[in-house]
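Chains as they are written, first to last, in the numbering used here: chain A, 357 to 679; chain B, 357 to 679.
Some clues are possibly wrong.
Which copy is meant is left open, so a pair is good if it fits within one copy or across any two.
[Unchecked claim] In silico DSBU-like pairs for lysine-lysine, Cα to Cα no more than 30 Å straight-line:
id : residue 1 : residue 2
1  : K470      : K586
2  : K415      : K598
3  : K679      : K470
4  : K620      : K358
5  : K572      : K537
6  : K609      : K537
7  : K425      : K586
8  : K358      : K679
9  : K675      : K358
10 : K425      : K542
11 : K470      : K358
12 : K620      : K572
None of these hints come from the bench; they were simulated from the model.
Spelled out, the chains give:
There are 2 protein chains.
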Amino acid sequence: MKTINIGLLGLGNIGTGSYKTLEMNRKVIEKNSGLDLQITRILERDVDRDRGIDVPMEKFTQNPDDIFKDPEISIVIELLGGIEPATSFMISAMENGKHVVTANKAAVAASFDKLMSTAEENGVQFKFEASVGGGIPILHPLTTVLRANDFSEIMGIVNGTTNYVLTQMTDHGFDYDSVLKTAQEKGFAEADPTADVEGIDVANKLSILMALSFDKYVPPTEIPTEGITKITPADIEAARVKGCKIKLVAYAKRDGDTIDYGVKPMELPLSHPLASVSDEFNAIFVVGNAVGELMFYGKGAGPLPTGSAVMGDVLEIAKSISK
Amino acid sequence: MKTINIGLLGLGNIGTGSYKTLEMNRKVIEKNSGLDLQITRILERDVDRDRGIDVPMEKFTQNPDDIFKDPEISIVIELLGGIEPATSFMISAMENGKHVVTANKAAVAASFDKLMSTAEENGVQFKFEASVGGGIPILHPLTTVLRANDFSEIMGIVNGTTNYVLTQMTDHGFDYDSVLKTAQEKGFAEADPTADVEGIDVANKLSILMALSFDKYVPPTEIPTEGITKITPADIEAARVKGCKIKLVAYAKRDGDTIDYGVKPMELPLSHPLASVSDEFNAIFVVGNAVGELMFYGKGAGPLPTGSAVMGDVLEIAKSISK
């Protein structure tokens, strides 16, 4: 069996979930691909934390060049989060001939063109399925089996934290502040929830979705973005009376040569496929001129769902380079 | 721009939808792939029918060898329907070095192992995304970006005709016979609806889903199958009282080494993601040990949605062979 060696940048929650996904499904992966995937080096300072996985100490390094310059490593997984040094590291990895997989929506959205062109110039693959919708397969279908479509519309609920908050407000009549506090206590919301509740995370994902489906890259900072911080129980009730639910939606709609796009709370009629997407679930609704309406639904975050998408990308690259 | 020549077997409804999908999205396909896809020969007796497309007369042939033996053709699309001669034609095409794409669930399910091994022996690709869920991307994600999962459960509403009939019975209290008659008048059901209403079509699709996700091929004739012909308005009402809807479901659930599977009408609680899938829509619900619950929703039939999946497969093959 052929071995594919992998370098991992970051062993936080998502890194640990990806490592676990590989270990728990090693047999299934080997059976289906005939490949032995090995994470051989990990860039991570915190070597002592108990992550519930057994990582041999010699895999850890604090020098990224131990990964980028290792001729045995063909794929680099970037799971550091944040824009820098993640972006520079991905570019260095590609310049050293490594294929790159990431879940980092902020970095991909901020430097989409640069990362894509660096991959092309260096003849390597760059994949980021986990960056939108977590475990939901959306970017891969959009760029493969759906590619014979001209897309006219995308709508997505792509942030679990805000969808959880809005669902709790809708189902129980709670106000924003108290739901957010509970969400933080349960670990569904960050201590600093700004990127989620202000819609910034959603704008990153919309930027990526538009680049891949409409072939139009708009930096997330140029996407009109409104979060959920001003939503009141009165707004929720007003929507309910109209037969609607308020959801934080990323939308892009093409009309001829113009695209209307943005991130904002919207009143969706209960009959809309996205209206029934509750709590931490995500869903992406797409309209193509041949396929019609499609919806992809699942867990948009979490270590294992995200790990599923990360390792799926890794496996696709591993299969293609071992042919 | 590189040209990929394609032979098409059958220019019925789905063949016409695939031809239309290619023609109407030619620019998008060229822009995204850098490839010029051309359907150069079509096996079809009925050359005179008005299909709303402009097909030059010289493309038609009644001799399959004009396609199989044409060295300029690299991909064959089989859209004849039915088991024979479709299966023999697909095998002949592969033995002549052609990659094959089909939407033919009956043929794929009946001879899954033989078709897969013929493809492997001849070093060609064999793709059949359109055979399950029409335009919904399901087989491709299951075998690519989700392949790092161990799947434990699949449930699908994968027949539009029966879902339309059950939806009409549920929403309006109509009885089975009158709804079926209306469906036939509207073209949502065949003149001979046996394969749909007896669950045979669903069993074909379940056979394919199980083979790809559980790596276990069960011939459709060995799948316990019950259709919807015995469902009465009283059954629908009894389900409603329990907070459920009756849906014709293909299911497969793994428990250790055993898999429980079949096709039957099931009472689904309204909270189940599949319960809200109405009319001619299809949806497939999947549980993977890393990704958790996923659902894929869209149009499970129709010339253009099916054409979307057929041309998506063709495009994937075309890209891989022109690298």
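message: Need the list of violated hint numbers for this structure, in ascending order.
response: Those not satisfied are hints 1, 2, 4, 5, 6, 7 and 10.
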